[in-house]
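Peer 1: Based on the provided sequences and hints, a complete structural model is requested.
The lines below spell out each chain.
Number of protein chains: 2
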Amino acid sequence: MNKVKVDYSLYLVTDRNALGGRDLIRSVEQAIKGGVTLVQLREKSLSTRNFLELAGRIKEITDHYQIPLIINDRLDIALALDADGLHIGQDDLPMIKAKELFPNKIIGVSASTLEEALLAQQQGADYVGVGAIFTTPTKTDAAEVSLDQLEHIKKSVAIPVVAIGGISEANLHQVMCKGIDGIAVVSAILAKDNILEAAQQLRKLLEQ
Amino acid sequence: MNKVKVDYSLYLVTDRNALGGRDLIRSVEQAIKGGVTLVQLREKSLSTRNFLELAGRIKEITDHYQIPLIINDRLDIALALDADGLHIGQDDLPMIKAKELFPNKIIGVSASTLEEALLAQQQGADYVGVGAIFTTPTKTDAAEVSLDQLEHIKKSVAIPVVAIGGISEANLHQVMCKGIDGIAVVSAILAKDNILEAAQQLRKLLEQ
Numbered sequence: 012m013n014k015v016k017v018d019y020s021l022y023l024v025t026d027r028n029a030l031g032g033r034d035l036i037r038s039v040e041q042a043i044k045g046g047v048t049l050v051q052l053r054e055k056s057l058s059t060r061n062f063l064e065l066a067g068r069i070k071e072i073t074d075h076y077q078i079p080l081i082i083n084d085r086l087d088i089a090l091a092l093d094a095d096g097l098h099i100g101q102d103d104l105p106m107i108k109a110k111e112l113f114p115n116k117i118i119g120v121s122a123s124t125l126e127e128a129l130l131a132q133q134q135g136a137d138y139v140g141v142g143a144i145f146t147t148p149t150k151t152d153a154a155e156v157s158l159d160q161l162e163h164i165k166k167s168v169a170i171p172v173v174a175i176g177g178i179s180e181a182n183l184h185q186v187m188c189k190g191i192d193g194i195a196v197v198s199a200i201l202a203k204d205n206i207l208e209a210a211q212q213l214r215k216l217l218e219q
Numbered sequence: 012m013n014k015v016k017v018d019y020s021l022y023l024v025t026d027r028n029a030l031g032g033r034d035l036i037r038s039v040e041q042a043i044k045g046g047v048t049l050v051q052l053r054e055k056s057l058s059t060r061n062f063l064e065l066a067g068r069i070k071e072i073t074d075h076y077q078i079p080l081i082i083n084d085r086l087d088i089a090l091a092l093d094a095d096g097l098h099i100g101q102d103d104l105p106m107i108k109a110k111e112l113f114p115n116k117i118i119g120v121s122a123s124t125l126e127e128a129l130l131a132q133q134q135g136a137d138y139v140g141v142g143a144i145f146t147t148p149t150k151t152d153a154a155e156v157s158l159d160q161l162e163h164i165k166k167s168v169a170i171p172v173v174a175i176g177g178i179s180e181a182n183l184h185q186v187m188c189k190g191i192d193g194i195a196v197v198s199a200i201l202a203k204d205n206i207l208e209a210a211q212q213l214r215k216l217l218e219q
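As they're listed, the protein sequences go chains A and B. Numbering of the first sequence is given in the numbering used here, commencing with residue 12 and proceeding in unit increments. Numbering of the second sequence is given in the numbering used here, commencing with residue 12 and proceeding in unit increments.
Hint data in this document are derived by calculation from the structure and do not stem from the laboratory. Among these hints, one or two may not hold up.
Intra- or inter-copy, both count: the list cannot distinguish identical chains.
List time: in silico DSS-like cross-link candidates among lysine-lysine, alpha-carbon distance up to 27 Å [claimed, not checked]:
| hint | residue 1 | residue 2 |
| --- | --- | --- |
| 1 | K70 | K189 |
| 2 | K55 | K70 |
| 3 | K108 | K165 |
| 4 | K165 | K55 |
| 5 | K70 | K44 |
| 6 | K110 | K55 |
| 7 | K55 | K108 |
| 8 | K55 | K166 |
| 9 | K108 | K70 |
Since the model is a prediction, treat every value here as computed from it, not as a measurement.
Peer 2: This is the structure:
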C-alpha cells in the first residue's frame, strides 16, 4: 500500500468495550461501509494468539474494502499479519525501533504536546494522533490538548495530524476548522446503535 | 549465539511477583552467579516501553555472563532487543510465524501433551518446556503433566526437553531421572531469601 495515498479523514480506532457485546468484525465492516477511511485495531487484554486471530479476520474485511489496517502498540501482531501499519503511544516501542523493524509501513505516533509531535516527525512518523481533545470515556487517563494547542501542532509539523479524544458530530467542526487532516473516533461510531449511519453522518459532516 | 551450545540444565523463568518487592535485575544476576544457565524474561503486565527497558537492563547482565536471554511471548520485545530467543506458549504466536519472523534464534514452545511436543518439534522448535509437572503457585491454570507423561515425551522427541512447574530441591531428582535436559524454575530460585545460594544448591543437585 502506497503510504502517500492514505486518507486520514475518518479514522476508526477499535474498542470492544464500546460495542456492548456486539461483534467487532461486523461492526468494523459497518463502519467502513459508512465511510471510515482507516482502521486501527486496539486490543489490550487478548492473548497474542487471540489478538492475531481477531486481527486476521479484521484484515479480511479491510483488505476487501481496500482500507489500511493499523495495529495499535503490538509490532509482533503487525508483523505476523503483515498489517499496513503500526500506531505507537508514548508507552509503546520507541519510534526508531518501530521504523527499523517495520520498514515501508505506516507508522503513527500519539502526541499530546508539540514536543512529542515534533520528535515523532523528526524520527520519521507518517502521522501524529493528537489528543485527547475532549474528555473521553474510552481513555480516561489521556492528557488533554486544547483546540489552540491542536492548531499550533498542526501549523508546526508537515506530517498529517489526526485529532483524537471525545470527537463527535457535535464538536467535529471545532477540530476540523483547525486545518487538521482527520479525526480518529471510537465511541462516536462504535458506541452508536446504528454504526453504519453514525459513520455516514460523520462522513457527511467532514465533507461539508 | 550458536544454538547448539545452549545449556538447558538450570533455566530461570522470571516472575516479579515471586520476589516480594526485591529488584528483578539484581535477582537475575544473583541467580546467574549461582549457576543458572538460561534466562527467560516473562512479563504480562508492563507496557511495551517498560518491558523493553527492563529487558534491556536484563540483557546487559545476561550478556555480561554470556547466558542466553529468551523473551516470553512477545516477539516485538525479542526483536527490538535482539534477544537470543523467544518462548511461546499455546496462546502465543504460532510457531511457524515465530520461526519466520525471528530466524536463527532459539525458539522454545510450552507443551503439556505429547501431541503438542511432537508438533513443536515438527515445526522447528529448538526445545520444549513440558509441564506443569507439580502444582505451582505461579501458574495456577497450567495443565498437569505426570512424570510418566514427561518420560514418554522425552523418549518421543529429539529436541531438548525442559521440565517446568513446581520443581524444587525436594523433587528435582524425580524429574531429572526421566532423562530430561533441564529444569525450568521460578519460585525455587526467585522466591528464596538467598537467591544465589538457592541457585547453587539446585546446580549442585543437578551435577550429582
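Peer 1: A separate judgement is required for each hint: does it hold in the structure or not?
Peer 2: A quick look at each hint next to the structure:
For the homomeric pair K70 and K189, neither the shortest alpha-carbon distance inside one copy (32 Å) nor that between copies (46 Å) is at most 27 Å. Taking the shortest alpha-carbon separations for K55 and K70, both the intra-copy value of 18 Å and the inter-copy value of 26 Å come in at or below 27 Å. For the homomeric pair K108 and K165, the shortest alpha-carbon distance inside one copy (25 Å) is at most 27 Å, but the shortest distance between copies (39 Å) is not. Proximity of K165 to K55 under the C-alpha cut-off of 27 Å is found in neither arrangement, the shortest distances being 29 Å within a copy and 36 Å between copies.
Taking the closest pair of Cα atoms, K70 and K44 come within 27 Å of each other only inside a single copy of the chain (15 Å); across copies the shortest separation is 47 Å, beyond that limit. Within a single copy, K110 and K55 get their C-alpha atoms as close as 22 Å, and across copies as close as 24 Å, so both meet the 27 Å cut-off. Both within a single protomer and between protomers do K55 and K108 lie at most 27 Å apart by alpha-carbon distance, with minima of 21 Å and 21 Å respectively. Neither within a single protomer nor between protomers do K55 and K166 lie at most 27 Å apart by alpha-carbon distance, with minima of 33 Å and 40 Å respectively.
In the homo-oligomer, the alpha carbons of K108 and K70 lie at most 27 Å apart both inside one protomer (24 Å) and across protomers (17 Å), since each shortest distance falls under that limit.
Hints 1, 4, 8 from the list above are not met by this structure, while the remaining hints are.
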